[in-house]
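Trainee: Protein chains in written order, with numbering that gives the first Met the number 0: chain A, 0 to 226; chain B, 0 to 439; chain C, 0 to 332.
Think of the hints as simulated: they come from the structure by calculation, not from any bench. Hints are all accurate, no fakes.
Derived list of chain B stretches under chain A, where covered just means 3 residues or more per stretch with a C-beta under 8 Å from a C-beta of chain A:
no., region
1, 190-198
2, 206-214
3, 219-230
C-beta atoms are modelled at their ideal positions from N, C-alpha and C, and glycine is treated no differently.
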Amino acid sequence: MNTLDLGTLGLREVNRKLISLDPGANERDFRIENPMGGHAIACGLTLPLNVAIAGHVGFYCAGMNQQAEVTIHGHAGVGVGENMMSGTVLVKGNASQSAGATAHGGLLVIEGDASSRCGISMKGVDIVVGGSVGHMSAFMAQTGNLVICGDAGEALGDSIYEARLYVRGDIESLGADCVEKEMTPAHLDSLTELLQRAGNKTKLAEFRRYGSARTLYHFDIDHADAY
Amino acid sequence: MHTDDIPRTLPRHSATFDAYTTSEIRRAASTGIYEIRGAGAKRALPHFDDLLFLGASISRYPLEGYRERCGTEVTLGTRFASKPLQLKIPITIAGMSFGSLSGQAKEALGRGANAAGTSTTTGDGGMTPEEREHSRLLVYQYLPSRYGMNPDDLRKADAIEIVVGQGAKPGGGGMLLGQKINARVAKMRSLPEGIDQRSACRHPDWTGPDDLEIKILELREITNWEKPVFIKIGGSRPYYDTALAVKSGADVIVLDGMQGGTAATQNVFIEHVGQPTLACIRPAVQALQELDMHRKVQLVVSGGIRNGADVAKALALGADAVSVGTAALIAMGDNDPRFEDEYRALGTTAGAYDAWHEGRDPAGITTQIPELASRLDPVAAGRRLTNYLKVMTLEAQTIARACGKNHVHNLEPEDLCALTVEAAAMARVPLAGTSWVPGT
Amino acid sequence: MCGIVGLYLKNDALRPELGRLFRPMLEEMTSRGPDSAGVAIYRDPVAEGSTKYSLAHASVDHDWQALADDIASACAASARARPIDTHAVLISDADEVQVRARLAEHHPDVRLVGSGRSVEIFKETGLPKDVYSRFDLDSAEGSHMIGHTRMATESAVTTAGSHPFATGADLCLVHNGSLSNHNRLREELVRRGLSFQTENDSEVAAAYLTWKIRQGVSLTRALEDALDDLDGFFTFCVGTSEGFAVLRDPIACKHAVLAETDDWVAMATEYRAIATLPDAEQARIWEPRPSTVYSWGDTGLEVDAPAGAHGAALDNARSGTADNRQAVTRTPH
Numbered sequence: 000m001n002t003l004d005l006g007t008l009g010l011r012e013v014n015r016k017l018i019s020l021d022p023g024a025n026e027r028d029f030r031i032e033n034p035m036g037g038h039a040i041a042c043g044l045t046l047p048l049n050v051a052i053a054g055h056v057g058f059y060c061a062g063m064n065q066q067a068e069v070t071i072h073g074h075a076g077v078g079v080g081e082n083m084m085s086g087t088v089l090v091k092g093n094a095s096q097s098a099g100a101t102a103h104g105g106l107l108v109i110e111g112d113a114s115s116r117c118g119i120s121m122k123g124v125d126i127v128v129g130g131s132v133g134h135m136s137a138f139m140a141q142t143g144n145l146v147i148c149g150d151a152g153e154a155l156g157d158s159i160y161e162a163r164l165y166v167r168g169d170i171e172s173l174g175a176d177c178v179e180k181e182m183t184p185a186h187l188d189s190l191t192e193l194l195q196r197a198g199n200k201t202k203l204a205e206f207r208r209y210g211s212a213r214t215l216y217h218f219d220i221d222h223a224d225a226y
Numbered sequence: 000m001h002t003d004d005i006p007r008t009l010p011r012h013s014a015t016f017d018a019y020t021t022s023e024i025r026r027a028a029s030t031g032i033y034e035i036r037g038a039g040a041k042r043a044l045p046h047f048d049d050l051l052f053l054g055a056s057i058s059r060y061p062l063e064g065y066r067e068r069c070g071t072e073v074t075l076g077t078r079f080a081s082k083p084l085q086l087k088i089p090i091t092i093a094g095m096s097f098g099s100l101s102g103q104a105k106e107a108l109g110r111g112a113n114a115a116g117t118s119t120t121t122g123d124g125g126m127t128p129e130e131r132e133h134s135r136l137l138v139y140q141y142l143p144s145r146y147g148m149n150p151d152d153l154r155k156a157d158a159i160e161i162v163v164g165q166g167a168k169p170g171g172g173g174m175l176l177g178q179k180i181n182a183r184v185a186k187m188r189s190l191p192e193g194i195d196q197r198s199a200c201r202h203p204d205w206t207g208p209d210d211l212e213i214k215i216l217e218l219r220e221i222t223n224w225e226k227p228v229f230i231k232i233g234g235s236r237p238y239y240d241t242a243l244a245v246k247s248g249a250d251v252i253v254l255d256g257m258q259g260g261t262a263a264t265q266n267v268f269i270e271h272v273g274q275p276t277l278a279c280i281r282p283a284v285q286a287l288q289e290l291d292m293h294r295k296v297q298l299v300v301s302g303g304i305r306n307g308a309d310v311a312k313a314l315a316l317g318a319d320a321v322s323v324g325t326a327a328l329i330a331m332g333d334n335d336p337r338f339e340d341e342y343r344a345l346g347t348t349a350g351a352y353d354a355w356h357e358g359r360d361p362a363g364i365t366t367q368i369p370e371l372a373s374r375l376d377p378v379a380a381g382r383r384l385t386n387y388l389k390v391m392t393l394e395a396q397t398i399a400r401a402c403g404k405n406h407v408h409n410l411e412p413e414d415l416c417a418l419t420v421e422a423a424a425m426a427r428v429p430l431a432g433t434s435w436v437p438g439t
Numbered sequence: 000m001c002g003i004v005g006l007y008l009k010n011d012a013l014r015p016e017l018g019r020l021f022r023p024m025l026e027e028m029t030s031r032g033p034d035s036a037g038v039a040i041y042r043d044p045v046a047e048g049s050t051k052y053s054l055a056h057a058s059v060d061h062d063w064q065a066l067a068d069d070i071a072s073a074c075a076a077s078a079r080a081r082p083i084d085t086h087a088v089l090i091s092d093a094d095e096v097q098v099r100a101r102l103a104e105h106h107p108d109v110r111l112v113g114s115g116r117s118v119e120i121f122k123e124t125g126l127p128k129d130v131y132s133r134f135d136l137d138s139a140e141g142s143h144m145i146g147h148t149r150m151a152t153e154s155a156v157t158t159a160g161s162h163p164f165a166t167g168a169d170l171c172l173v174h175n176g177s178l179s180n181h182n183r184l185r186e187e188l189v190r191r192g193l194s195f196q197t198e199n200d201s202e203v204a205a206a207y208l209t210w211k212i213r214q215g216v217s218l219t220r221a222l223e224d225a226l227d228d229l230d231g232f233f234t235f236c237v238g239t240s241e242g243f244a245v246l247r248d249p250i251a252c253k254h255a256v257l258a259e260t261d262d263w264v265a266m267a268t269e270y271r272a273i274a275t276l277p278d279a280e281q282a283r284i285w286e287p288r289p290s291t292v293y294s295w296g297d298t299g300l301e302v303d304a305p306a307g308a309h310g311a312a313l314d315n316a317r318s319g320t321a322d323n324r325q326a327v328t329r330t331p332h
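Build the full structure now, drawing on both the sequences and the hints.
Mentor: Here you go:
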């Protein structure tokens, strides 16, 4: 286990150490101490490392993550795991807004609540939230899965494309073109796998599925109000 | 009395309800959707043609052509990046996406820019391998949509251009009709094929220059602080926007006036939102000077740059470089009169064709249809682009030499006068024959 | 655009350390706001019948004694001034209307920055760390403080354009964001008798609250009305005599975070401003919901019923680990 003290090393040095590792090197496990709400911690990782961050982080932690497993033992600020490509980002506390924004792949797990715009413009990532999400979550969500074990704020899935939403709690309101959809056995299998990967034990039967009604795919003047 | 003997006044068209306007009303009434088109603002605006250079005289002495050097090189990104962009000419190729342009057109742009010693820029949709291969210097756009964005391409780029807005549609986004998203484009953008693409108008994970500063920190960390970070803004509040871009940490500011083109957006946006390029430059330069950042944070101006005179005038007003989009496409063959029959068949005419979102371009540039795209020979088109860039550079040098400058960057506002009151006010140079600068 | 911070000390034993604890909060927000900084500190309340005035002048050498003497004689009352750098705190038992009139007529080069019984407002151009030092705040004692670091958006970098903006007795506002209808609103407020020193959008928001409160509306209600009448992006922190209030606009793009321990309640634009406070890592941390007024009540920071019946239910039902529950906050004073 390699310990990196962000307080003494500074952000540049910590990130540089993690990004410039030799792919063949044996060291895989890192612990970052004294994050103190700092920004861009452990962003742009490219190797299958295990990085534990001991405390709360600021914006864009693990941004554009590839292959690494990053665990935040605390809360995360804006844009945790934004544009991540693969690997796993796990937030033990709550996440602020735009968690997993525009992310292409991998798994983002938030054990607490996520704030507004969770999964905004998601492009293939899987996100599992143990708590609730704020307004405008899954806004323009293109593809991927968002699982919400708690409640959702206003305008869930506004302008959604092909991403799939699984919600257990109450939804304040659905966004434009987002509707409840049938939960088929195939969807249940997918949800089972997502919950398993996230280590989440919520019962399947309590979820409903939401997705695109696809009425905004080709402009129709009668739907102009939705724009 | 015979009715033929009564004189009639001539039939009179309304200047307010002119032929174009009434045709648009009829179209709107028929379809129920706003008009969408490509290109930039088409109406007449105060522009560089309203400025003239004061050549050498008894008080100023010219440089001899060819023998007495007039430098054109420029470096973009000296503020923070460890690897700034070194350009041979102060003219870059503006961001245009693969998707809106054919693969052949993107390749031609790369070839043409390379031979001229300058850079190209990706557009909304991501970086293609062909683009990276053919452009020696490639600027990678970071847009609200984040289509195709990934860290590998970010690291392959030579610079990163964060797009806050563009001249054709500052504050724009919204819904775009009829974008032909074919299989390849769809895959790059993670969208289903063949559907209308809806674009976000704000970035998904930051709003405001204070948060942009943090986003820039993240991008620099991911790319090891090597790449210059550009911030592109549409011409709206250039004085404040420039100051804020500097405070957010930009290395380079790209300022795009309303004549700047787009692949497709609402016509009402293009023509009625944003300021003319000419009006944007002096406020932006003033902001840089007040922050003591002029020439330290470089300013690239775009939106209706057409010839070496425009280049020289933009530089004289304080820009470090200019960028061309529409002009580059025309150089490669867009709207060429030799396709007139096909333009007619499309309901338009050479020089007016702007329905690029329909993707049926006879010149093979703004299309994904293989039969049309193959009409553009990337090598020949690249050659044409290089020729055009070189002519612009030579023209700018000719003007600069005539003004006694050994580098185009030494052109200054005092080398100019204006033909109209509007141009004088916007460019903050005197009306010809007077010492009057309106508005100061 | 900017950084805003606020700190309320629940534990009286910490009150001598208010200034020392607050400095790193403000300094951490420097990158968000390098142009100017300001604070409002609540301390040393004056007796009933007296008023504290925060005054500022362009020069550090202004003769404040002469000003105090003038106020005393013109208003037939007592008045004393304590100068600090370009500012001074004037305490007088004169009638407030008289004092304001006298200042406006006979001391036009002096800016009235704020007034009340406990608030003192200091703000200047320059880096936050330098502004803080100029006003001797490291050794300041008090119950609570709010602060602001400024990155000017559409108005000039001047002292007058800095936050906090006073908005009534012991009331002041700091703002992160950018309003979009402040010019028309300013004109309307001018017609209703308010005056402005700058082109700043935040000053308009403060004046709006002033106008509302003058009409007898509570601060909470004034903030709720602001959701309808103000357009644009905003996170507000309003300093009050008891503590502070927080409001975010419905779109809520400008980040804000609240935190609480047994010893303090804090708010900030970014968590890293709070990270330096004692036991921050163990604090309860949550985000203020959009369109929801968080005001200071008998039991500390309280959230009023958010818009829509659903809101309260959601607040109460929020899940999460025990430490991170985002329930309605009822905090012991």
